[in-house]
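S.K.: Sequence:
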Amino acid sequence: MKKMLVLAIALAAAPFAASAAEGVSHTYVEGGWTRLSINTSSNVGSDTDFDGGYIRGSVGFAQSYYVFGGYARGTNNDYGTDIDANESNVGVGWLMPMSERAELNAEIGYARKEIKVSGAGFSTDGARASVGVRGAFNPHFEGWLKANYEDGGDFGGDFSGTLGFQAKINRTWGIVGELDAGDGYHRYNVGVRASF
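The sequence shown begins at 67 in my numbering and counts up one residue at a time.
No lab work stands behind these hints, which were simulated from the structure alone. C-beta atoms are modelled at their ideal positions from N, C-alpha and C, and glycine is treated no differently. Everything hinted at is true.
Capping the alpha-carbon separation at 30 Å, the derived lysine-lysine pairs in DSBU-like fashion look like this:
(1) Lys179 / Lys212
(2) Lys212 / Lys234
(3) Lys212 / Lys182
Using C-beta positions, here's what the derived DEER-type ranges look like:
(4) Gly118 / Gly248: 10 to 20 Å
(5) Gly135 / Val199: 14 to 24 Å
(6) Leu229 / Gly135: 16 to 26 Å
(7) Ser154 / Thr114: 16 to 26 Å
(8) Gly218 / Met164: 22 to 32 Å
Use the sequences and the hints to build the structure in full.
M.R.: Laid out in structure tokens, this is it:
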């Protein structure tokens with residue numbers, strides 16, 4: 067109920083917000099390398115790592131909104147068989163400029179996580195809500211910071227944080243890096259983004 071109230075307030079305030087922060091695009095496609103590390107024991111250095119690729123994108127509309135989606139797949143064969151970890155998400159976001167080059171944003175969406183071992187596996191479904199800031203430090207570098215919460219379905223109500231950056235090569239192309247970390251896991255993404 068609280069999530070719906072926050073979303074309703076955000077949507078009601080949207081007509082009064084200006085367009086996205088200067089130099090920050092919410093219409094892009096991105097892909098690259100990903101590593102998901104899951105802490106499988108209380109021993110230090112005992113993470114199970116899944117290396118693979120990811121693709122994601124976003125489309126901005128009506129000045130203050132955007133839709134987004136993504137898919138990541140990683141594989142681990144440390145235990146003598148291939149274990150696949152797949153994640154997908156879709157959602158909608160809202161932004162409000164804080165200054166000429168910075169914005170506050172809020173997102174809500176659906177998330178699915180899946181583990182497969184030799185074809186058999188299990189999956190979890192739930193909702194993810196995020197609140198954060200994003201801004202262009204200069205014409206060639208931008209960054210973002212988000213607080214996330216996942217719950218519903220099979221998720222047990224987990225908090226996480228996201229820290230990312232984009233180093234812009236030109237108006238279209240950029241190199242991106244991101245860390246998403248929560249209780250018992252962390253994910254690294256390094257990729258290339260085309261902004262439109």
